[in-house]
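*Asks:* Chain B: place on chain A using the hints.
Which chain is which? The protein sequence lines are A and B, in order.
With this note's numbering, letter number 175 in the first sequence gets 175, and the count goes up by one each step, no holes.
With this note's numbering, letter number 97 in the second sequence gets 97, and the count goes up by one each step, no holes.
Hints in this document: simulated from the structure, not taken from any laboratory.
Treat the numbers as computed from the prediction; the structure is a model and nothing was measured.
You may find that some hints are simply not true.
Label-pair restraints from in silico Cβ distances [said to hold, decoys possible]:
1. A/300 to B/57: 48 to 56 angstroms
2. B/93 to A/176: 41 to 49 angstroms
3. B/57 to A/154: 13 to 21 angstroms
4. A/166 to B/143: 53 to 61 angstroms
5. B/24 to A/65: 52 to 60 angstroms
6. A/90 to B/202: 31 to 39 angstroms
7. B/19 to A/86: 45 to 53 angstroms
8. A/182 to B/24: 16 to 24 angstroms
9. A/179 to B/93: 40 to 48 angstroms
10. B/24 to A/49: 34 to 42 angstroms
11. B/195 to A/27: 17 to 25 angstroms
12. A/182 to B/62: 28 to 36 angstroms
In silico negatives: residues of chain A with every beta carbon more than 10 angstroms from chain B [to be verified]:
13. 39
14. 59
15. 83
16. 101
17. 172
18. 181
19. 183
20. 227
21. 228
22. 234
23. 235
24. 242
25. 275
26. 317
Backbone N, C-alpha and C fix where the C-beta goes; we use that ideal spot for every residue, glycine too.
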Amino acid sequence: MRSMKTSKPAALKTGRFSKAKKTLVLLTMVAPAAIWMLLLRYLPMGGLVLAFKNYKINPRNPTFISSLFNSAWVKFDNFKFLFMTEDAWAAIRNTLVYNLVFIVLGVIIPVAFAIMMNELTKKFVAKAYQTLMFFPYFLSWVVVSYFLNAFLDAQYGLLPSLQAAAGGPVTNWYTTLGPWPYILVFSNLWKNVGYSTILYLAAIAGIDATQYEAAAIDGATKWQQIRHVTIPNLRGMIAILFILNIGKIFNADFGLFYNVPMQNGALFPVTQVVDTYIYYAMLNTGNIGMTSAAGLLQNVIGLFCILGANRVIKRIDSESALF
Amino acid sequence: MSRKNKSRRLTSVSAGAELVLHVILGLFALCCVIPFVFVVIISFSSEESIRTIGYSFIPQEWSLETYRYAFEKLPQIWRSFFNSIFITVVGTLLSTAMCVMYSYALYRPDFKFRNFFTFFSFFTMIFSGGLVPTYIISKQLLGLSENYAALIVPLLVSPFNIIVMRTFFKSSVPMELIEAATVDGSGEYSTLLRIVVPISKPGIATIALLNALAYWNDWFQALLYLRQNKALQPLQALLMELQKNVEYLNRMAGQLGTAAIMESTKAPTQTLRMALVVMLVVPIACAYPFFQRYIVAGLTIGSVKG
Numbered sequence: 001m002r003s004m005k006t007s008k009p010a011a012l013k014t015g016r017f018s019k020a021k022k023t024l025v026l027l028t029m030v031a032p033a034a035i036w037m038l039l040l041r042y043l044p045m046g047g048l049v050l051a052f053k054n055y056k057i058n059p060r061n062p063t064f065i066s067s068l069f070n071s072a073w074v075k076f077d078n079f080k081f082l083f084m085t086e087d088a089w090a091a092i093r094n095t096l097v098y099n100l101v102f103i104v105l106g107v108i109i110p111v112a113f114a115i116m117m118n119e120l121t122k123k124f125v126a127k128a129y130q131t132l133m134f135f136p137y138f139l140s141w142v143v144v145s146y147f148l149n150a151f152l153d154a155q156y157g158l159l160p161s162l163q164a165a166a167g168g169p170v171t172n173w174y175t176t177l178g179p180w181p182y183i184l185v186f187s188n189l190w191k192n193v194g195y196s197t198i199l200y201l202a203a204i205a206g207i208d209a210t211q212y213e214a215a216a217i218d219g220a221t222k223w224q225q226i227r228h229v230t231i232p233n234l235r236g237m238i239a240i241l242f243i244l245n246i247g248k249i250f251n252a253d254f255g256l257f258y259n260v261p262m263q264n265g266a267l268f269p270v271t272q273v274v275d276t277y278i279y280y281a282m283l284n285t286g287n288i289g290m291t292s293a294a295g296l297l298q299n300v301i302g303l304f305c306i307l308g309a310n311r312v313i314k315r316i317d318s319e320s321a322l323f
Numbered sequence: 001m002s003r004k005n006k007s008r009r010l011t012s013v014s015a016g017a018e019l020v021l022h023v024i025l026g027l028f029a030l031c032c033v034i035p036f037v038f039v040v041i042i043s044f045s046s047e048e049s050i051r052t053i054g055y056s057f058i059p060q061e062w063s064l065e066t067y068r069y070a071f072e073k074l075p076q077i078w079r080s081f082f083n084s085i086f087i088t089v090v091g092t093l094l095s096t097a098m099c100v101m102y103s104y105a106l107y108r109p110d111f112k113f114r115n116f117f118t119f120f121s122f123f124t125m126i127f128s129g130g131l132v133p134t135y136i137i138s139k140q141l142l143g144l145s146e147n148y149a150a151l152i153v154p155l156l157v158s159p160f161n162i163i164v165m166r167t168f169f170k171s172s173v174p175m176e177l178i179e180a181a182t183v184d185g186s187g188e189y190s191t192l193l194r195i196v197v198p199i200s201k202p203g204i205a206t207i208a209l210l211n212a213l214a215y216w217n218d219w220f221q222a223l224l225y226l227r228q229n230k231a232l233q234p235l236q237a238l239l240m241e242l243q244k245n246v247e248y249l250n251r252m253a254g255q256l257g258t259a260a261i262m263e264s265t266k267a268p269t270q271t272l273r274m275a276l277v278v279m280l281v282v283p284i285a286c287a288y289p290f291f292q293r294y295i296v297a298g299l300t301i302g303s304v305k306g
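For reference, chain A alone in the conformation it holds in the complex (with noise of 0.2 angstroms):
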């Protein structure tokens, strides 16, 4: 490229015509995915400004365009609605809640199976543990609720039917909430924890063997060693998941509180998050603006967290910041 440039006018100008056409190649490889990202992502946001309007579909010529310039502007009366229904804040507090429950025990728990699987022995056995811990992350949550079904079924379930062997009181899991908040955190790490070990595993793996001998001969303890040379080194992989999970901390995984408790409304109080909520009451009122308005809070408050801790990051160790 470079030496046709500096031959001949000629062929500058050819190198100059043959980078106007590269660049329009590879635009029509980006064109696929950035036209469907302007369709399925852009446009949306755009749509947001049904957050501000009372949405009616308009009797005369019911499409979405015609409708959507005959509705009102309503101004912020669609926010002050969702708060003022009761549900709306239990979804809140749940999904924050939740949320946090998850970041908390969703680094703990990885970085501590990480670090116990790596201290075995026998590799081949930590193969198989990885392996198996992996499975249930490719499952869905439709499916996990069955798994857990055979488990909790009011009519067959395992645990039901020990309970009764058992002579004590036999419990309608589906219909008690204590035991939920529970059930729902005990199935969101069951699904996602192998993954996340996987990911801490392998950053492990990647420790310079170097640092841990010359611990060992200053006689570091395994603690020691832990605490001074294994965690400092995961601390960039761990900033980089805590700011992508803060950044979604409003955002709850839709999957898990609609399909593991099973559609079910009497364990609504616990199971309850934004994502369902603003589902069901899309679903049930049909009120277009309220249920935008919802989604653009949660959006909005989504990236200004993201952002935030991103900055914290950034003061603490610039190295670890993702953009």
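*Replies:* The following block gives chain B in isolation, referenced to the frame of chain A:
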């Protein structure tokens, strides 16, 4: 290597401590697969056994009745199985091709709009229009409603996969190779197809697998966009429908006129649901030993630097 072994011995934990580690990790590892084994056992239990002793690891009687009934009396199961396969195959091909092309252009340091398109896809990771506007626009403006496109199009692009793929190109395709091909007069597409794709096979396999899993496991698009045309339901969505409505399949069979209502009353509904779970998990479980390696390699590469 010998040096590494030595250092391991120098720093390894005591035998007693290692036993404790084995117990903790082993128990959790078992806990990750036991539910699947349990569901397989339930699906092969006779309906009689379940009525008397409930779901059990040791049923009173084994039976293939559920599977026989599902395949003979419920054509929707076949149809849904086909739907799942169709969506997975078409979706995986399209999404993988789109991802490879997009990431390849982002990988090229000499692409003029590289920074713009990097940000263009990254921004969709941190901000979105949310469920409702996306749903309304997809349905009303883009026509994603009650058709196969509604199950395929919404999952075509994943910014996360783009990052993974681009990182893979960066680490395995030397730029000199592309420059050399250009000097030899190779067009951009033929460079991509003949040089970049063959040496990036492991990376592309990772992305294709992630895409295939996303399509195979998807029920959400069906929940949103298939409200009437239930014949197009993939197996996951069918199974989800049975969460609240155990009789759903039998009623559906009745509507289709293939099974008499009399027949449906003695249908093995409990075991049937578990048999569907088995049908969804077995393909993943069979392919799992082969694809696990790729996914681990791909994800660790992708996550090293976002």
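*Asks:* Against each hint, give a clear statement of whether it holds in the structure.
*Replies:* Tested hints:
A hinted range of 48 to 56 angstroms holds for the C-beta pair residue 300 of chain A and residue 57 of chain B, which are about 50 angstroms apart. For residue 93 of chain B and residue 176 of chain A, the Cβ-Cβ distance of about 46 angstroms falls inside the hinted range of 41 to 49 angstroms, so the restraint holds. In this structure the hint that residue 57 of chain B and residue 154 of chain A lie 13 to 21 angstroms apart at CB holds, the actual value being about 19 angstroms. Between residue 166 of chain A and residue 143 of chain B the Cβ separation comes to about 57 angstroms, which falls inside the hinted range of 53 to 61 angstroms.
Hint check: residue 24 of chain B to residue 65 of chain A, Cβ distance near 59 angstroms, so the stated range 52 to 60 angstroms holds. Against the hinted window of 31 to 39 angstroms, the Cβ-Cβ separation of residue 90 of chain A and residue 202 of chain B comes to about 47 angstroms, which falls outside the hint. Between residue 19 of chain B and residue 86 of chain A the beta carbons are some 51 angstroms apart, a value that agrees with the proposed interval 45 to 53 angstroms. Between residue 182 of chain A and residue 24 of chain B the beta carbons are some 19 angstroms apart, a value that agrees with the proposed interval 16 to 24 angstroms.
One distance hint, 40 to 48 angstroms for the beta-carbon pair residue 179 of chain A and residue 93 of chain B, holds here, with the actual separation near 44 angstroms. Separation of residue 24 of chain B from residue 49 of chain A is about 53 angstroms and departs from the stated range, judged on CB atoms against 34 to 42 angstroms. Between residue 195 of chain B and residue 27 of chain A the CB atoms are about 20 angstroms apart, so this pair conforms to the stated range of 17 to 25 angstroms. At about 34 angstroms, the beta-carbon gap between residue 182 of chain A and residue 62 of chain B stays in the expected band of 28 to 36 angstroms.
Not every CB of chain B is more than 10 angstroms from the CB of residue 39 of chain A (nearest about 6 angstroms), against its label as outside the interface. The beta carbon of residue 59 of chain A is kept farther than 10 angstroms from every beta carbon of chain B, the shortest such distance being approximately 16 angstroms. Distance to chain B confirms residue 83 of chain A as a non-interface residue, since its nearest Cβ pair spans about 17 angstroms, more than 10 angstroms. At roughly 18 angstroms, the least C-beta separation between residue 101 of chain A and chain B is larger than 10 angstroms, which holds for a residue marked as non-interface.
Distance to chain B confirms residue 172 of chain A as a non-interface residue, since its nearest Cβ pair spans about 14 angstroms, more than 10 angstroms. Residue 181 of chain A, annotated as away from the interface, keeps every beta carbon of chain B farther than 10 angstroms; the closest lies near 19 angstroms. With a closest Cβ-Cβ approach of about 13 angstroms to chain B, residue 183 of chain A is found to remain outside the 10 angstroms limit, as its non-interface label requires. Annotated as non-interface, residue 227 of chain A keeps its C-beta farther than 10 angstroms from every C-beta of chain B; the closest such distance is 14 angstroms.
Distance check on residue 228 of chain A: its Cβ is at least 13 angstroms (rounded) from any Cβ of chain B, clearing the 10 angstroms threshold; non-interface status holds. Taking the minimum C-beta to C-beta distance to chain B, about 12 angstroms, the non-interface status of residue 234 of chain A holds against the 10 angstroms cut. Every CB of chain B lies more than 10 angstroms from the CB of residue 235 of chain A, the least distance being 14 angstroms, so the non-interface label holds. Non-interface call for residue 242 of chain A relative to chain B: holds, since the shortest CB-CB distance, roughly 13 angstroms, exceeds 10 angstroms.
A cut-off of 10 angstroms between C-beta atoms contradicts the statement that residue 275 of chain A is not in contact with chain B; the least separation is 7 angstroms. Residue placement check: residue 317 of chain A keeps its beta carbon more than 10 angstroms from all beta carbons of chain B (closest about 15 angstroms).
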